[in-house]
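A.B. asks: The primary structure of each chain is shown beneath.
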Amino acid sequence: MARDLLRFLTCGSVDDGKSTLIGRILLDCGVVPDDQLAALERDSRRFGTTGDALDVALLLDGLDAERQQGITIDVAYRYFSSANRAFIVADTPGHAQFTRNMATGASNCELAVILVDARKGVLAQTRRHSFICALMGIRHVAVAINKMDLVAFDQAVFDRISAEYQKFAAALGFQSVTLLPVAARDGDNVVHRSTRAAWYQGPTLLEYLDHVDVRQDAATRPFRFPVQYVLHPDPDFRGLSGTIASGAVAVGDGIVVAASGKATTVKRIVTFDGDLLQAEAGQAVTLVLADEVDIIRGDLLAPPRDRPEVADQFAAHVVWMSDQPMLPGRSYLLMCGTRLVPARVTLLKHRIDINDLSERSARTLELNDIGVCNIATDQPLVFDAYAANHCTGAFILIDRTTHATAGAGMIDFGLRRANNIHPQSHSIGKAERAAALGQKPQILWFTGLSGSGKSTIADLVEKDLHRRGIHSVLLDGDNMRSGLNRDLGFSDADRVENIRRVGEVARLMLDAGLVVICCFISPFAAEREMVRDLVPAGEFTEIFVDTALEECIRRDPKGLYAKALTGKIPNFTGIGSPYEVPVQPDLRIAGAMEVAVAVDAVVAWVMARQG
Amino acid sequence: MREAAAVFRKPVMLYSIGKDSGVMLHLAMKAFYPGKPPFSLLHVDTTWKFREMIAHRDAIAARYGMKLIVHINADGVARGIGPVASGAALHTQVMKTEALRQALDAHGFDAALGGARRDEEKSRAKERIFSFRNAHHGWEPREQRPELWSLFNTCLHEGESMRVFPLSNWTEFDVWDYIAAEDVPVVPLYFAAKRPVVRRSGTWIMVDDDRLPLEPGEVPELRSVRFRTLGCYPLSGAIESHATTLDEIIAEMRAARTSERQARLIDGEGGASMEAKKREGYF
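Chains as they are written, first to last, in the numbering used here: chain A, 1 to 611; chain B, 1001 to 1283.
Pulled out of the complex, with its shape left as it was, chain A reads as follows (with noise of 0.2 Å):
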């Protein structure tokens, strides 16, 4: 067990061979059993590529649509062994919409394998694949230029795609680029020695990989160890398990809580197979503490003398991973060690082209972009650079409303603008202002189409609270467009933008005592959620004025629909741009209902709130 652990990815174009090459790996290590090479034969036959020869590729397309369309759609993972070390590889796809699949094979790797045709040269997806192993800090590349076979082994071939290669990646920062003639359907130079590149005096891939150096430092770094899990069978016993990150520990060494900075001493070290003296980077453990020190699941712990970052800011490299592009001022919730928080991207500062490297101006990310992003954080994050330890410097951010992992990122540095905003305690707050004017603040968020009613039906809201003496403001498209949003438009990003600054606006209303009645379309579920997630549970109600997209156009009041079906505006709600229906509004008004009614309902729900 003790024999090391090599993982490395494949990465290429399409049909360059990366399948084709870690099948023959397989084959000649001897790790494919009999029963798995016969049927290896009997599917050659059925979808082979190579005639009569067996199509070693098929040992790795596992699934029924990739093996039809003859691509690799997902990252597979294949295991073997030499003598010398075991390694896990994951096959990564080339395919350019699949280019996720990639980062997320890269994350785990310390090592790449980059294909290259000997017949087409250095690609753009060659480029583009080496420039995400060196965001994802993989140190070491191996090119393996494949289908020398086809160029009759001509080493000229061979000299100029590795010129060419090193003079691209040599921006990339690699600790090592080792370059390979090979013949993965033939076998030459993966296992064993090609007989018919007798100008190549390097190792073979498999020799190569035998033995080259990727040790990181990670045991040599500042010990770094997210807290996993709270462990208190009993009331005895309290401890911290998780996996050391980086660094080490010892007992008797003195830890801080990164966030807090509450400080303590290690006082053992617990394991199933008994207590250890000091443990270090990879190893499993449980910390027993000499204080009772408030720690939960997502703290980070480390030496007092070489504490991790804490800021709610920071700039970092984002690979977008979702069909759902980014949009700077969504909320999202990020996942770094074992801490969840709501963030947001404050600023994409740009994106970066991978085919030159250059910067790119954006005002969103789609899926398979690269940018650089100011992000800000609802509470304080722990962190190092990604560069420093990649344990504590990555981050996935999840999109809230259908959970999908839609990025990954790459801290590079905080920024300090936090520090320097302190809050102000004010004597006088919400409850007081509210207590004055004698009413319970609350939040009256309308969405729905244009025309579907929001504004006719806020309108007499308003007025039959009025007359009960209620204080209130209304905020609409008309009065925050016209004015503090003036600089924004109806793309996805201006519209995400334009209600989150109404939601801060709502909120400083609901802090003067108001009860504020918002009319928005408000498209998208995130932001109606970011808006809720703003303001204390129960004061914020959302009323949906569900009248159907055919009765919106046939009203059509302000003449918009016409223009949007003869396609004069472009995005608009219902037409050109989507509208995410509430799931579960706190009131939900049918497009049937009359008016007086709806009004009714709505007035009901306020006063009985009022209490």
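Worth double-checking, as some hints may not be accurate.
Under the rule of at most 25 Å between Cα atoms (straight-line distance), these lysine-lysine pairs were calculated in the PhoX-like manner [stated by the list, open to error]:
# : chain 1 : residue 1 : chain 2 : residue 2
1 : B       : Lys1030   : A       : Lys267
2 : B       : Lys1067   : B       : Lys1010
3 : A       : Lys440    : A       : Lys463
4 : A       : Lys120    : A       : Lys167
5 : B       : Lys1030   : B       : Lys1067
6 : B       : Lys1036   : A       : Lys267
Derived coverage of chain B by chain A (criterion: at least 3 residues anywhere in the stretch with Cβ under 8 Å from a Cβ of chain A; other residues may be distant) [as the list claims (entries may be wrong)]:
# : region
7 : 1027 to 1033
8 : 1148 to 1159
No lab work stands behind these hints: they were computed from the structure. Note that CB positions come from ideal geometry on N, CA and C, so glycine has one too.
Given chain A's structure and the hints, the job is docking chain B onto it.
C.D. replies: For chain B alone, kept in the frame of chain A given last:
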């Protein structure tokens, strides 16, 4: 495993009695030491397991002090579903896949830990460690959440669930090496012994009880056999072997030229049959 225990409302560990389950349970005992794992064991019993497996299961639960839930698809039993009468495919569908869904729904488990490994089979090679299942327990290979670093997206909506495979990156050798190193108890069926068997489909099937109808001319004979993988006895083929110790098993495996699931008769139809089963909710 700690991650699953920390983030899910009600996780459960699927205990299939095999060597992988044994290793997974052993690891759980270590992960939560000095406490006990904060979940129960669930065994989906098809009623056709080897008798020695059932005895081992009950002994292990008692030895580790774990709560054991045994679920049998009563509807399937009533319909007379079995590997012999109904064929392997229908038996697996009703008594394993459907039974598992019933058990997870009945107890409201939102996460199930399983001992599956990526090296077992091609479509399992693409399985996530935290594998998302929709409200119908279905697996969508194209909709899988990417797993970066050690950051697992465990967010679920009501009704959705997660399958968790802590042994994803283990190989069959790793499992046996670990069993030897940590002295993990395993079912005696993995060791060679004289057992009554008949020859079918190129493998040895053990006559574990009198429910196995013998074909004309079949006479059970005593041979020294052992199993590399265990399931329902009429579907689990034995290999001829004299390996009676862990060292002999490991040595025999290193010399072997066949894969472990070869003796599983359910995998046969079409290369991607595992994928089809997984889409329906199989492990």
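A.B. asks: Which hints from the list above does the structure break, by number from lowest to highest?
C.D. replies: Hint check: nothing fails, all pass.
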